[in-house]
Amino acid sequence: MERTEFTYDGLCSMIEECLTPVSYEVFQQRRKLLVIAISEEVRFRKSVQKIEECNPNIELIIVAQMELKKVLDEIYNGRYQVVGWSGKYMVELVDKIKSEADISRTDGFLYFTQHPVNLRDKNMISIAKRLQKEADIRVYSDTVGYELYEYHNLSLYSQGIKVYEEINRFISLQFKNVTREGRA
Amino acid sequence: MKIGVLSMYKEREITGINKVTMGLMEELLKLDRENDYVFLGKTDWLPLDMDYIPVLPDAGGSVLLNYAMLAHPLDIVHSHYRPFELSEGIPCAKILTIHDLIPLIYPKWYGNQFEYFDVSIRRCAKEADKIIAVSECTKRDIIEYYDIMPEKIDVVYNGLSPTKLFADDAKGESMPELENTDFIFSVSGLGPHKNQGGLAEAFLLYKRRHPESKVKLVLTGPVRKYEVVKEILAKNGEAAENVVFTGFVSDAQLIWLYRKALAFIYVSYYEGFGLPILEALSVGKAVICANSASMPEVGGDAVAYCDPHEVETIEAAIDRVVSDELYRKSLEERAVEQASRFSYKRAAGEMMQIYGTFQN
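First to last, the sequence lines map onto chains A and B.
Number 99 in our numbering belongs to position 99 of the first sequence; there are no gaps in the numbering.
Number 339 in our numbering belongs to position 339 of the second sequence; there are no gaps in the numbering.
Same shape as in the complex, but just chain A (with noise of 0.2 Å):
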């Protein structure tokens, strides 16, 4: 085994190569797709936009906050359900959405992050892994600048993230303990 494999560089190449940017044609693809609506309504139209350009024929679910609900149920005319959510995203949101829509059918899941490999973004790979439990499931983040990526091992992937946190916050501790006993 070469040694970079074990480097920082290392680590960070193997965590990005879990993704690959793609284009929204890879819609095409795609019967149903779970939606993690943004704030910015403006800018989650426009992505729908593109999704529809691409598949007119796609069926959507989306999931967004409550107030902005309201906003896109008016939007969408009962086109496509929205499924409301308080506070935070977090895998019990796969049970809420299971007892309020029909995801059978459901082939992908996308959400919207800043960047694609994103240490905030915990929650959403934890629905998304529960969601792949259930159904072979397509995962896509689609960041800032209307960059759409693809994630191939969420496993991996979310493996990566957790042992970069913990080298990090292994020498935040020893660093920690250094400088006590340096005051000491």
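Hints listed in this document are in silico derivations from the structure and should not be mistaken for laboratory results.
Among these hints, one or two may not hold up.
Cβ-Cβ distance ranges computed for the label pairs, FRET-style [said to hold, decoys possible]:
#, chain 1, residue 1, chain 2, residue 2, range
1, B, D168, A, E25, 41 to 47 Å
2, B, F114, A, K176, 24 to 30 Å
3, A, S104, B, V119, 38 to 44 Å
4, B, A234, A, E92, 39 to 45 Å
Quick list of in silico lysine to aspartate or glutamate cross-link-like pairs, EDC-like style, CA-CA up to 20 Å [claimed, not checked]:
#, chain 1, residue 1, chain 2, residue 2
5, A, K176, B, E85
6, A, K98, A, E59
7, B, K10, A, E40
8, A, K46, B, E13
9, A, K50, B, E11
10, A, K122, B, D58
Every residue gets a Cβ at the ideal spot worked out from N, C-alpha and C, and that includes glycine.
Use these hints to put chain B onto chain A, whose structure you have.
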């Protein structure tokens, strides 16, 4: 020394803080023969000849840098916006630029960003070895809201970027629908502190008092953010036809609008710096701006001031600048000189001096 730069998030259009990073780094790369610069995290949206250290961004609003710094040691980390976590024992100077503390000043409008500024940026500011404020106003706010010693804060003003956009020979791209129109120009910003409502009220008051005036108000930017303005216009019938929304414009159209306008107006309640004021001054335009926050630092004695909270004073400033040609010309004559006090070349020189204080 090796200096790591942490920029703002990716944007499709380079605006605001990314523009500041772009302007400053362009000049630093030209001027600085001593230090090497590298981005922290892939920053391919800024066309700069800089390598990068991979970073996995954003853990709870703060970029974790311990592991990255052990793998790729740096002498200085300079974040242009985002807070970061770097353990005390890691031998690396920490610099944080703060542009403004708007969410702390207006929590009722920016509640969703309050925690980020109150916790993450506050902690990073406390731990930083040096804070760069983009104006004396921002410096005062950092002292007041974060309780930080003034000695730890240096003011480095912004400049103009891209410089070629504001060059004397840059005429820009005309907008045919406005070719034969006299107008006052303003750029949109996001958020209620930009006082778009006050601007619209004042302009409509001016139109009511001067029905003979053919002058229009042209506003660029995200039209949907102008809901408050549209509500005001809806109540004002025909007068509302004198307000033109262009939506987003290209850089070339923007420079044309600055040059073509009779005057530029910016009546925000609060700015950490106020880049549009500098942009308008740099092309020799008469500027009306608010007398609050950092704006007098940028405007100096070359602009017409008004109280952004008083529609009457905004209207009076519009009236004087539009009606009094001699006064308007006198503002135009002072504009370029005032603008020349701000440049990224100067900012880069000041930053190099600050970096130099961390040389062992």
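Holds or violated: A/K98 and A/E59, Cα atoms, limit 20 Å.
holds (16 Å)
Using the C-beta atoms of B/F114 and A/K176, is the stated range 24 to 30 Å upheld?
holds (28 Å)
So if I understand the rule, the pair passes when the alpha-carbon distance is 20 Å or less; does A/K176 with B/E85 pass?
Holds: A/K176 and B/E85 sit about 13 Å apart, inside 20 Å.
Do A/S104 and B/V119 keep their Cβ atoms within the hinted range of 38 to 44 Å?
Once the Cβ atoms are compared, 42 Å apart, the range 38 to 44 Å for B/V119 and A/S104 holds.
Range first: 41 to 47 Å. Now tell me if the beta carbons of B/D168 and A/E25 are that far apart.
holds (46 Å)
Does B/E11 sit within 20 Å of A/K50, going by the straight-line distance between their CA atoms?
holds (19 Å)
Distance restraint evaluation - B/A234, A/E92, Cβ atoms, bounds 39 to 45 Å
holds (43 Å)
Take the C-alpha atoms of A/K122 and B/D58, compute the straight-line distance between them, and say whether it is at most 20 Å.
With Cα atoms ~11 Å apart, A/K122 and B/D58 stay inside 20 Å; holds.
Would the pair A/K46 and B/E13 pass a check requiring their Cα atoms to be no farther apart than 20 Å?
Holds, at about 16 Å.
Is the hinted pair B/K10 and A/E40 satisfied, with a Cα-Cα distance of at most 20 Å?
The hint holds at about 16 Å.
The structure agrees with every numbered hint stated previously.
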